[in-house]
Amino acid sequence: MEDIDQLLQKIRSQNMAAIAHAITLVENRDDGYLTLLDKLYNLPRHSFVVGITGAPGSGKSTFVNQLVPQALETQKKVAVIAIDPSSRFTGGALLGDRIRFSDAFPFDRVFFRSLASRSSLGAVSSALFSILQIFNGALFDCIFVESVGAGQNDLDIKDYVDMVLLFLVSGMGDEVQCMKAGIMEIADLFVINKIDLYPPAPLFLALLNHLSLHLSSETAQSRIVQTDALHNTGFTELWHTIENFRQTCRYQKRSLEKDTALLLKNEVERLFTEKHIQKKLQELLSLGTSPYQMVEKMQKLLEEMLGDPHD
Amino acid sequence: MGTKDPQKPPQEAIKPLCGPKDFSYQEKLGEPGEYPFTRGVWPTMYRSKLWTMRQYAGFGTAEESNQRYKYLLSQGQTGLSVAFDLPTQLGYDSDHPLARGEVGKVGVAISTLADMEALFADIPLDKVSTSMTINAPAAVLLAFYLAVGEKQGIAKAQLTGTIQNDILKEYIARGTYIFPPKPSLRLITDVFAYCTQEVPQWNTISISGYHIREAGSTAAQEVAFTLADGITYVEAALNVGLEIDSFAPRLSFFFNAHNDLFAEAAKFRAARRLWAKIMKERFKARSPKSQMLRFHTQTAGSALTAQQPENNVARVTLQALAAVLGGTQSLHTNSKDEALGLPTEESVRTALRTQQIIAYESGGTNAVDPLGGSYYVEHLTDTIEAAAQNYLNIIDKMGGTIAAIEGGYIQQEIQKSAYQYQKDIESEQRVVVGVNRFQAQENTKLTILKVSEEAERHQLARLNKVRRERDAQKVQKILATLEEKARTHENLMPLFLEASHQYVSLGEICGVLRKIFGEYQEKVVL
Amino acid sequence: MAKKIRVLIAKPGLDGHDRGAKVVAKAFMEAGMEVIYTGIRKTPEQIAHIALQEDVDVVGLSSLSGGHNTLFVDVARWLAKVGKKDVLLLGGGIVPEEDVLYLKQNGFAEIFAPGTDTKTIAEYIISRVYPKLGNE
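Chains as they are written, first to last, in our numbering: chain A, 1 to 311; chain B, 1001 to 1526; chain C, 2001 to 2136.
It should be emphasised that the hints constitute simulated quantities derived from the structure, not laboratory data. Because the structure is a prediction, the values reported are computed rather than measured. Cβ coordinates follow ideal geometry from the N, Cα and C atoms, glycine included. Mixed in with the good hints there might be a few duds.
Think about it this way: if two alpha-carbon atoms lie no more than 16 Å apart in a straight line, the pair counts; the simulated EDC-like pairs of lysine to aspartate or glutamate are [as the list claims (entries may be wrong)]:
hint: 1; chain 1: B; residue 1: Lys1450; chain 2: C; residue 2: Glu2098
hint: 2; chain 1: A; residue 1: Lys158; chain 2: A; residue 2: Asp188
hint: 3; chain 1: B; residue 1: Lys1423; chain 2: C; residue 2: Asp2117
hint: 4; chain 1: C; residue 1: Lys2003; chain 2: A; residue 2: Asp188
hint: 5; chain 1: B; residue 1: Lys1465; chain 2: B; residue 2: Glu1235
Selected chain B positions facing chain C (Cβ under 10 Å, derived; list incomplete) [claimed, not checked]:
hint: 6; residue: Asp1085
hint: 7; residue: Gly1101
hint: 8; residue: Ile1414
Here chain A stands alone, though its shape is the one from the complex (with noise of 0.2 Å):
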């Protein structure tokens, strides 16, 4: 077993290989994380975390590149974590986001770590919790968080963040897409790449119209940003409004009991991938006949392994 004491010290210290061996302890449930993430859990925060979300093909690795240099003219330290999927199949996955990340960042004040999301969203939600801990223990000042970029898992970003920017693309049915029910709420800042390539006009309408239901129009129009991520332009106003943000909004509350129900929601979800678990279900499948039997007959087990609802 690791002396956990050591690395903490260490990860305290901005040891970078004690940081990049942290976050793998943590990834594999290896001995001893769970005495290393009490430890960080209760440290004063520091790390100002960025989420990042939109359609694949948005371009937000390049974004992210764009965004770094900027960040670093006011921030000692920043970090970069870019979630891609693991194959269903194989359970390996081709990691890509650092090939787009530029070779020009010193190695000594930007960390960059590609995340696979493993068996379930749950399990790499659940890391990535974790892995934000380690960050802020080691006194990064800025971290951007890269998401997959589909499906639940950027509804669910919005737990992990202090603040949540969504990319958007003007002319690829964005217009439609963002109107749509949660993707609009979990945004802080609407960011419209590609400007170059589409006019941003009707999808910075929608946005607008959209927003004004809410906020003042002046609020508003400062919540949306143009970018042109090819051609390195927007991104000091970006940057400026993200400080802004930071400065007004500062950190999203935590509590325990919210952090608690986070950790347990994504637990349940890696549970069901694992071995022994899966065992059991498929034990279960021999005794019913329809789906809602089934799902009655885990419920109950649930129940008693979690504890009555109704005490």
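With chain A held as given, fit chains B and C onto it using these hints.
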């Protein structure tokens, strides 16, 4: 007509028996030397003139490469083909930090005119044709070559040869790009325009499928993506106001010759026919010279095996024969030891002899397009042409080649084929003799040519000397002018030539261009 | 749950031939590994830092440009310099036999020649890394 499914192992995708219904002579073939040039670009082909035997060579210092060229010429080779090292191909001087360990490794290091002068010492440039595998900084290296010519007292109009100058396949397959597409195309059209006026016998581009195939594409993909690149160059030239029949006759192509003898011969025929149609129908080229696809061929490096390397001589023979039966204009045959390292002089000689045996002993040169009319080969020709046409349609709908590259489409298609090829070998659906079947316990040991570490030191010494002795003020002035003109639309070739004579280095010129043009960011698809 | 083998596939130097690197990356993914590919034209220093941050178990280098004796060994040196320990260092590409010996003396566990079955390499990695991870 069915299209060949690139995902299928070769045999199952092939029609086992073809008959007279599979082709129509008038429409599909025509006479050799006539539209659509399926049977060859000249009426009498090798009866009148053999292909140019051109072995790609270059390593270490300019002096060592110069020795190898003279050796090859003395052995009956008829054209030179210059390989440059990676720093040169990427526009870095030999003393750049990124050049460390790479100087003189895959080719000769050329940083200034002084290196180019040493490379062609005692080789009269009006007596040889020279092909240069150089792309991103092709315009600058061409300027160096023209300057050597001027110093030898040879008029530019007398110079013959080729620069590869094909940036699109660098983005797609080969990786030695520098600038983004737009300024890269500007440099290319600058060369087109300049050479049309000043160096009329020069092949201004060699649009290359070779590396696309080496990256793992199928034969049909090789044709498709190469011609798609060609279309883009033609469009770029038309966009800057050049007239189609003024520059199109100087466009040349470069293909791979892989193992499948008949499919490869058919591939060359398909490419010729498809290009002729594109030039005539799409671009309204009237001159037959604009419509004819002339090409260089190199045998497939990726088909060479490190196991039992002597088997490679047999492979190269079949591949070279495919190129000849397909009507190539020039040919490089690989040496048997190239999966292990740089070829020795002895193995290069065997490779050259292979061509000479095909030319003088095999009888393959006695008739024009000897495979023409074979039901099977005509069927393969049609199949490859149709599959390539299908890709061209897709690329057009995607908004053209550059859009398809920037979206990662072309790279992705090639990668799929490359992965499938590897899987086929590992599952033994594709047999590679000596690798997955008929292995030997002990592999033959070959002597490998090693580039001496001395080469790098020697090269750096010369570069230092040049930097000390040239007129620093003139150099600065030219670089300042370049910075200014790079921002305009003015043709940069005359300035490159002037810079060559003042011993401004390749790295200095490309440094200014990097600053103004920016650098290309690769789109990687996994 | 089974721990994942993390592999960095990197191309040091200026060589742009990435067919082998990409095929291998995909094959390793299919063998259940988490694969990070750097893209072309990385310096040994960059590769070492990436290996450190990604905390990989394996670094696989590919080069066809003949610069391996300098570039591969530089990567080994930089890995030590940045403090990346416990890493299985592998090479692939056109590497003459005498250079293989030299590389093995300089930190490389194995050099795979062109034509090596990707399954062979994957099995080799699994046999070397699994005991370390504590997987069965």
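Hint by hint, here is what the structure shows:
As the CA atoms of Lys1450(B) and Glu2098(C) are separated by approximately 11 Å, the hinted pair is consistent with the 16 Å bound. Restraint check: the Cα-Cα separation between Lys158(A) and Asp188(A) comes to about 10 Å, which is no more than 16 Å; the hinted pair holds. Pair hint Lys1423(B) plus Asp2117(C) holds up; C-alpha atoms about 9 Å apart against a cutoff of 16 Å. About 36 Å separates the Cα atoms of Lys2003(C) and Asp188(A), which puts this hinted pair outside 16 Å; it is violated.
Proximity of Lys1465(B) to Glu1235(B) is assessed by CA-CA distance (about 43 Å); at most 16 Å being required, the pair is judged violated. For Asp1085(B), the interface hint holds, the least distance from its beta-carbon to any beta-carbon of chain C being 8 Å, beneath 10 Å. For Gly1101(B), the shortest C-beta to C-beta distance to chain C is roughly 3 Å, which falls under 10 Å, so the interface hint holds. A distance limit of 10 Å between C-beta atoms decides the matter here; for Ile1414(B) the minimum to chain C is near 8 Å, and the interface restraint holds.
Checked against the numbered hints given earlier, this structure breaks hints 4, 5; the rest are met.
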